[in-house]
Amino acid sequence: MTTTETAPAIVPSFDDDVGTGRKLAIICSKGNLDMAYPGLVLANAALGEGVETHLFFTFWGFDMITTSRMHDLQFSPAGNAAMHLPGRDAHFPQALAPLPGVTGMATHMLKKQIAELGVPEVPDFLDQIVAAGGHLWACRMSADLNKLTEADLRDDVEAIISASDFIEKTDGAQLIFI
Amino acid sequence: MPITELDGHRIHVDDEGFLTEYAEWDDDLAAVLARQIGIDLTDEHWKVIRFLRQDFAEKGETATTRRVQTVGGVPVKEQFALFPKKPGKKMAYVAGLPKPHGCV
Chain A
1 MTTTETAPAI
11 VPSFDDDVGT
21 GRKLAIICSK
31 GNLDMAYPGL
41 VLANAALGEG
51 VETHLFFTFW
61 GFDMITTSRM
71 HDLQFSPAGN
81 AAMHLPGRDA
91 HFPQALAPLP
101 GVTGMATHML
111 KKQIAELGVP
121 EVPDFLDQIV
131 AAGGHLWACR
141 MSADLNKLTE
151 ADLRDDVEAI
161 ISASDFIEKT
171 DGAQLIFI
Chain B
1 MPITELDGHR
11 IHVDDEGFLT
21 EYAEWDDDLA
31 AVLARQIGID
41 LTDEHWKVIR
51 FLRQDFAEKG
61 ETATTRRVQT
71 VGGVPVKEQF
81 ALFPKKPGKK
91 MAYVAGLPKP
101 HGCV
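Those protein sequence lines, which keep their order, are chains A and B. Using this note's numbering, read the first sequence as starting at 1 and increasing by one per residue. Using this note's numbering, read the second sequence as starting at 1 and increasing by one per residue.
Keep in mind that the hints are not guaranteed to be accurate.
Some chain B residues judged to face chain A by a derived CB distance under 10 Å, without partners named [as the list claims (entries may be wrong)]:
hint : residue
1    : Asp43
2    : Lys86
3    : Cys103
Calculated from the structure, these hints are not laboratory results. We put the beta carbon where it would ideally sit given N, CA and C, even for glycine.
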């Protein structure tokens, strides 16, 4: 056997034990369709790397877990100067952004583009995150502001908790605010 | 690309140890690769591996955990049970494919 040019067995280091203890906390404070995704994509990626992940839904981000609203997040080009026409460098004219129907059209287009990438809609994405072991927490103040209770939220939201409780639960975690 | 030897199989791998030659993989090697990362293959594992191999042959890229659920029919929760902690990478490794590149 010609072993001279053969390297010793190379096996990926999945660092199963090294990853233990790493925690990620993601605060989702936005309820626009486009701003719902960054937290979900990061949470999903972190879980896939074996990182304990907690999401805290607060203010407008509360809509992401409110069953009557979570299917209906909207995307508007209004106030978003970075918005381009799809696939082009031209900007979407801000003067047109507030016109009736524009938000609906932009939402429809964004949902279509996201679906084409094989990325799930927000409720479905949260299903996947929970299946992967992610933890969902709802903000007490947001619940009170919206006059909502746990009955109004996804069943897999673990609890409505105060900001202090969340800080306590995520002791030692890396934190992302969106 | 280094050539490495695992249990009598001479294989081309990348720097991390993922196979780089689709054709060098076979069922026997899959069991060897799985043992390297502490997994004994069951029928459930094989369902995932067969899907990944076939999907790669058709699409030219490694399926993500999302795709293994929606197209391959194996729920994400089960993938985590079968390939603990890092299912995306571990499934790809055992199936002799590159790491998945998709974000979701």
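Against the structure, the hints:
With a least beta-carbon distance of about 21 Å to chain A, the hint placing aspartate 43(B) at the interface is violated under the 10 Å criterion. This hint holds: lysine 86(B) has a C-beta 5 Å from the nearest C-beta of chain A, less than the 10 Å allowed. Checking cysteine 103(B) against chain A by beta carbon gives a least distance of about 6 Å; that is within 10 Å, so the hint holds.
In this structure, the one hint that does not hold is number 1.
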